[in-house]
Structure formats: structure tokens, C-alpha cells
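Got two chains here, each in a separate frame; can you build the complex from them with the hints?
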Amino acid sequence: AQSVTQLGSHVSVSEGALVLLRCNYSSSVPPYLFWYVQYPNQGLQLLLKYTSAATLVKGINDFEAEFKKSETSFHLTKPSAHMSDAAEYFCAVTNAGGTSYGKLTFGQGTILTVHP
Amino acid sequence: DGGITQSPKYLFRKEGQNVTLSCEQNLNHDAMYWYRQDPGQGLRLIYYSQIVNDFQKGDIAEGYSVSREKKESFPLTVTSAQKNPTAFYLCASSKGSGTSTDTQYFGPGTRLTVL
Numbered sequence: 089a090q091s092v093t094q095l096g097s098h099v100s101v102s103e104g105a106l107v108l109l110r111c112n113y114s115s116s117v118p119p120y121l122f123w124y125v126q127y128p129n130q131g132l133q134l135l136l137k138y139t140s141a142a143t144l145v146k147g148i149n150d151f152e153a154e155f156k157k158s159e160t161s162f163h164l165t166k167p168s169a170h171m172s173d174a175a176e177y178f179c180a181v182t183n184a185g186g187t188s189y190g191k192l193t194f195g196q197g198t199i200l201t202v203h204p
Numbered sequence: 030d031g032g033i034t035q036s037p038k039y040l041f042r043k044e045g046q047n048v049t050l051s052c053e054q055n056l057n058h059d060a061m062y063w064y065r066q067d068p069g070q071g072l073r074l075i076y077y078s079q080i081v082n083d084f085q086k087g088d089i090a091e092g093y094s095v096s097r098e099k100k101e102s103f104p105l106t107v108t109s110a111q112k113n114p115t116a117f118y119l120c121a122s123s124k125g126s127g128t129s130t131d132t133q134y135f136g137p138g139t140r141l142t143v144l
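One line per chain: the protein sequences are D and U, in this order.
Our numbering numbers the first residue of the first sequence as 89 and each following residue consecutively.
Our numbering numbers the first residue of the second sequence as 30 and each following residue consecutively.
By construction, these hints were calculated from the structure, which means they are not laboratory data.
Since the model is a prediction, treat every value here as computed from it, not as a measurement.
There's no promise every hint is true.
Claimed, not checked - Per the computed footprint, the stretches of chain U lying under chain D, defined by three or more beta-carbons under 8 Å from a beta-carbon of chain D, are:
{"#": "1", "region": "65–76"}
{"#": "2", "region": "131–140"}
What the hints assert, rightly or not - EDC-like cross-link-like pairs, simulated, lysine to aspartate or glutamate; straight-line CA separation at most 20 Å:
{"#": "3", "chain 1": "U", "residue 1": "Lys124", "chain 2": "U", "residue 2": "Glu91"}
{"#": "4", "chain 1": "D", "residue 1": "Lys191", "chain 2": "U", "residue 2": "Asp67"}
{"#": "5", "chain 1": "D", "residue 1": "Lys191", "chain 2": "U", "residue 2": "Asp88"}
{"#": "6", "chain 1": "U", "residue 1": "Lys112", "chain 2": "U", "residue 2": "Asp67"}
{"#": "7", "chain 1": "U", "residue 1": "Lys38", "chain 2": "U", "residue 2": "Glu101"}
{"#": "8", "chain 1": "D", "residue 1": "Lys191", "chain 2": "U", "residue 2": "Glu91"}
{"#": "9", "chain 1": "D", "residue 1": "Lys191", "chain 2": "U", "residue 2": "Asp83"}
{"#": "10", "chain 1": "D", "residue 1": "Lys137", "chain 2": "D", "residue 2": "Asp173"}
{"#": "11", "chain 1": "D", "residue 1": "Lys191", "chain 2": "U", "residue 2": "Asp59"}
{"#": "12", "chain 1": "U", "residue 1": "Lys99", "chain 2": "U", "residue 2": "Asp59"}
{"#": "13", "chain 1": "D", "residue 1": "Lys137", "chain 2": "D", "residue 2": "Asp150"}
{"#": "14", "chain 1": "U", "residue 1": "Lys100", "chain 2": "U", "residue 2": "Glu53"}
{"#": "15", "chain 1": "U", "residue 1": "Lys86", "chain 2": "U", "residue 2": "Glu98"}
{"#": "16", "chain 1": "U", "residue 1": "Lys124", "chain 2": "U", "residue 2": "Glu98"}
{"#": "17", "chain 1": "U", "residue 1": "Lys38", "chain 2": "U", "residue 2": "Glu53"}
The beta-carbon is built from N, C-alpha and C at its ideal position, and this holds for glycine as well.
Same shape as in the complex, but just chain U (with noise of 0.2 Å):
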């Protein structure tokens, strides 16, 4: 079954510490994003890669890295620059056919806490 795969589902870090969310996709997409997700807030872009070895900073880049070494992964890390790492982070993918038109698809996400 095609999909995106996210882990781990819950993860406890503690303060200062850096930490890594795992995003995989076998829908053989160009495009994939990380989002953030807090309560009453929908959701909020972090980073997005149109195509390998490329991404770009969304709206809430601060404290976060990105890497896209792979078409399939695109991992998030959370350093300890970022001041409020609580959140659900959500993985996406889309074709990237280069239209607006493209629709998003969306890992089960992650639940970071930081302890």
C-alpha cells in the first residue's frame, strides 16, 4: 500500500536537546512539507521540498532543519533553538506537478513533548 509513513508516533525530549521526526513516502511524490499543529491554531508551515537536495524556510522555520537527501525522506529536526517544541507535527506529500491544484497527503503524524 502506497503512503506516508511517520515516526516515532510519540516522542518525549528533554529541554536543550535536539531531536529528529521521521517522514517516509512511497507515493513516488517530488513534493513534501512538515507542518505543525497546535490547539486552536490549525495547522502552520514549517519547511517544504519541491524536488531533491532542495527546500525552502515556510512560516515557522526558526528552531527546525530540514534535509532531503532521498526523494522517499524528508526529516525534521528540533533543535533546542526552538522555545516551544510541544506540538503534533505533520508530514505531507504531493506530486509536485508544479500546479496549486496538487492535493496534499498527510502522514498520521507525530506528538512531540518535551519534558
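Okay, chain D solo, but in the shape it has when bound (with noise of 0.2 Å):
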């Protein structure tokens, strides 16, 4: 089985500060790990995704995610938050191989809200 806990539904920041967004998983095997990102009444779009190369994954907008497998943790940064990053963003887990084959296990969402 596999999960995905975002820690915090509602984070804000001000404009030009770090963005900090937490997100834990917890699978039986080799997780593959994404970020995506929605605008108010719109789709997801991917951020970016871990899937075992690097630790560090840079993503679009400067944001990146460090996978740590010690804590089980893959959380996104950005330097800067510019007040077009304000949306919900969503943690989401795969299995690499196995039987979960295309299915995304999602984390409940956090709401990101950039201060002026």
C-alpha cells in the first residue's frame, strides 16, 4: 500500500520568501514520487517528479523537490515566491513496477497563498 501526507492544507507566505511545502510518503517499495500544481477551476499540472535518478529534482518556476528516503520525505522549495504561485498543490506517490501500474496515490492538497 502506499500514502501521501501533506503537512499543513494551508500555508502562506509573504511575496520574495521561501516556499516551503511538506510532503511524507509511505510505500512498501521503490516510490516514484511527483508534484503537481492547480489554479482555481482548473486541471493539475506537473510541477515536476522524482524517479530515481537524482535526489534533487528541479522543476518549471524554480521550483524543486529533494527526495530523502531516510525520512521518507520529498518536500518543495522555491528561493522566492512571486504572487502567481499562489494555488493548490498536490503531493502524489507511484510504485516503481508492481501492481500499481498508473495509479497516483494523492496527498490532500496544501493551499499556498502569497502575501503582497
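Below, the structure written as C-alpha cells:
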């Protein structure tokens, strides 16, 4: 079984401040991990994904995430928040092979608010 | 432009009625998925299809049905058996390369409201 926990349903930062969105996963086999962003009333857009290559993954719009096996974490960061980053962010996990083909398990989501 | 289209964007249904949500992709992807999104619950998988004429139940398939007669189309029917159908429905597709690293690409979603 696999699961994802996103710590904090709402995160608020000031423009220019560091963004840190937390994601912890549970998986019985090596995981593949994804971060998606969703703007209001829209679909999801992939920010980045970890697929067992480099543990530090860079994505679009200066977002990055680090896979830490010992902590079972895949936190998303951005050095400097922009107003346009305000959205809901989802962490998701799938297993490398096995019977979970194509099945993404999503966290509950974190709404990011950016203040001027 | 390649992408995934969902229609309609907003849909209203009376209790007891079946309704079908459309999902079309021109990305030449083999795999397609339907998710349901409720506030604070993330996305939950309803059905998925890895190839034409084949599909599998996801975590919350009860009260829903699908078909996959064409590669580019994966319509979802919300039946009257679904007790709480008001939600945001998202369709996705992926190459279906047989690996778990496939990226799923999402459509813009359909918001269904039961009156």
C-alpha cells in the first residue's frame, strides 16, 4: 500500500519569501514521487517528478524538491515566492513496477497563499 | 495543439438522473484516467484504462461506469446509484509505456452539481 501526507492544508508566505510545502510518503517498494499544481477551477499541471535518478529534482518556475529516503519525505521548495504561485499543490506517489501500474495516490493538497 | 479536453465545464443534474462527462485527448496516449476531487481530500481514482476496450476500477468506482471504444475518448457516466456525485471531475492521460514514471496529463475538469 502507498500513501501520501501533506503537512499543512494552508501555507501563507510573503512575496519574496521562501516557499516550503511538506510531503511525506509511505510505500512498501521504491517510490516515484510527483508534485502537481492546480490553479482555481483548472486541471493539474506537473511541477516536477522523482524517478530514482538524482535526489534533488528541479522543476518549472524555480521549484525544486529533494527526495530523502531516510525521512520518507519529498518536500517542495522555492527560494522566492511570486504572487502567481498562489495555488493548490498536490504531492503524489506511485510505485516502481508491481501491481500499482498507472495508479497515482495523491495527498490532500496544500493551498499556498502569497501576500504582497 | 495537443491536449485533453473535457466537456462541459459545468454540469447540473437532478437527483436520479444519469449524466455522462466527456474526455477527449489528441496526445496519442494509451492510458486514460478519471479522478474525483473533493475539497480537502485530494484526488481519488474512479476508473482507469491502459488500452482500448479495457478498463479497471479504481478506489471509488461504485456508482460510476466508463467505456473505452476509441483510443482518444474515455467518457464517464455518473449514475443515479452514486449517492454523493457533486464534485470536480478530472480526466487524465499518459503514454502508457508500461512504467510507473509515466507523467499523467490532466484536462481542465468538469464541475458537476446535483440539484
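### Query
Hint by hint, which ones does the structure fall short of?
3
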